[in-house]
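Undergrad: Here is what each chain is made of, one letter per residue.
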Amino acid sequence: MGMEILVSTAKFLIVMTVILVSVIILVYLERRISAFIQNRTGPNRVGPYGLFQAIADVVKLLLKEDIVPKNAYKPVHDLAPIISIGAALSTFAVIPVGNTIELFGTTMKLMIADVNIGILYILSVTSIGVYGITLAGWSSNNKYSLLGGLRSSAQLISYELSMGLSIIGVLMISGTLRLDQIVQHQTMYIGGWLPNWNIFLQPVAFITFVVAAFAETNRLPFDLPEAEPELVGGYHTEYTGLKFGLFFLAEYANMITAAAVITTLFLGGWHLPYAENLGLSAFTLSLLQVLAFCAKVTVILLFFIVTRWTLPRFRYDQLMDIGWKVMLPLAIANVLVTGLILVL
Amino acid sequence: MVLYNLAFYFFSLITLASASVVVFSKNIVHSAFALLFTFFGVAGLYVLMMADFLAITQILIYIGGIMVLILFGVMLTNRTIDVQIRTGSIQTFPAMLIVAALAGTLVGIFWSTDWKISPTAIGFEKTAPEIGKMLLTNYLLPFEIASIVLLVALIGAAMIARREKKA
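Top line first, the protein sequences correspond to chains P and W.
Read in my numbering, the first sequence has 56 at position 71, and its numbers run on one by one without any break.
In short: position in the second sequence from 1, add 5, done, that's my numbering.
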C-alpha cells in the first residue's frame, strides 16, 4: 500500500513537471510560429533565440500585483482560476503515456490511475472545467467578462455533445471504457501492414472530435470567450498577476491534454508501428513508445498553433450552427454507421 | 475499514450540510452554489458504493451540464433585474401534500431496497455493461418514459421561451 502511494506520487510529480515545462516551451513556440506566419521575428532578445522569453514572462506574472475589482464577489473570484487549472491538469491522471515498464524489479503501467471508466472520467473533468470560465466571468462583475463567460459555457456545452458522441464510435470498436485497453486494441495491424489506429477506422469521428477539442480548449477559430475586439479580454478581463497566469496556464495545459486525448483515442497512443518486430529489449521498447507518444502529441500541438494563426474567428451564430447543425448530426450518423457495420 | 467509514461520513456531511443550505438559504445564488456541493457529495457516496459509472455520470450530467445552466439562470436574473430575488414560502398547503407524497415514496423505496452497506467483494469490475444490459432489457420502459418526459420538458421550455408576441 505504502509503495503504491509512493509510486503514484512519483508518477504524478513527473507528469506535472513535464506538463508545466511543456507549457513554457509551447508558449515560446506559439510566439515564434505566429511571428513566422505574420512575417515578423518574434521574441529573440532574452537568451539564445529568445528561448528564455517565456521564463521572463512567468516571472513578470508572478511579481505583478493581484487586483480584485471592488464589486467582485471575492470568494468565487479567487476560486475560478483554481478550478480551471485543476480541471486542466487532472485529466492527465488517466492517460497512458506508454505501455508497462520494468523498473527496480517491478512492472508498472505508465499511467497515474488505471480506472475502469477512464474515458468518462476525462469527459466529466472537462465538463467541470466550464465552471472556471463561467464563475470567472460572473464574479468579476463586469459585463464583458460576463458575456465572455456566457459565450464560453454555451460553446463548451454545445461541443461537449459532439465530443461525447464522436467518442462513442471509438468505444463501440474497442468495446471498453479503459484507455489502456483502447490503446492496446490499436496496436494490431489491418491486413498485416496498416496500424489499426482509430483514425483509419473512424475518420469521421476523428474530425468531429478534433473540431470539438478546438472548441473545448477555446482555441481559434473557436476562441469567442476571449475575443479581444468585442469583449476587451473576455472572461479574464478582471484578472491580473498570478491568477491571470493560472488561466493562461490552464489554456495551454488544456491544449496539451486535448492533444494527448486525441493521440490516445485516435492515433494509437504510445504505439510505434513495427517497433515491436525490431527485437529491442523490453526497456528500450518502452522508452521508444513513450517518445512516440510525446512525438504524436507534439505534432498535434503544432497543428493547433498553425491553425490558430491561419484561420479567422467564427461569428457566434456560425459557431452554434456548426456545433448543432453540422458536428452533432455528423457524430450521430457516425455512431449509426459504425453500429450497422459492427452488426453486419 | 476506518478509512472507508471516515470517507462515508465526510461525503454524507458534505451532502447534508450543503443540501440544508440549498433549502434554508435566503440568497438564491448561495442556494445554487450549495447544490453543486450536494451533487459532489452524492457522487462521492456512489463511489463508496462501488458504483463508479453512476458517480461519473452524476458529475458529467448534473455538475457539468445541468448545474451550469441553473447557475447561469440564477446569476443572470439575480444581477440584471433590480428586484433582489429572495426565496420565501408560498402555497404552503399544496407543497406539504406533494412533499408528503414524495417523502412517502422515498421512505418506501428506502425500506424495500436491499442495501449494500459495505464495499462488495466484486469491487469496481464491470458496472457499466451491467447497467447497460438492465436499461435495455428489464428497465426499457421506464428508461424510455424518462426520456419522453425530458423531451416534453424540452419542448415546453422552447414553447415558453419563444412564444410569439401578438401585436
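Take the hints with a grain of salt, since some may be wrong.
For each label pair, taking beta carbons as the anchor points, the in silico distance ranges come out as [to be verified]:
1) W:32 to P:-8: 19 to 29 Å
2) P:296 to W:137: 36 to 46 Å
3) P:3 to W:96: 56 to 66 Å
4) W:138 to P:-1: 54 to 64 Å
5) W:32 to P:329: 55 to 65 Å
6) W:12 to P:-1: 22 to 32 Å
7) P:37 to W:139: 57 to 67 Å
8) W:66 to P:296: 25 to 35 Å
9) P:20 to W:15: 43 to 53 Å
In short, the hints are calculated from the structure, not lab data.
Just so you know, even glycine gets a beta-carbon here, dropped at the ideal spot from N, CA and C.
Undergrad: Which of the listed hints are broken here?
TA: Hint check: 1 and 4 fail, others pass.
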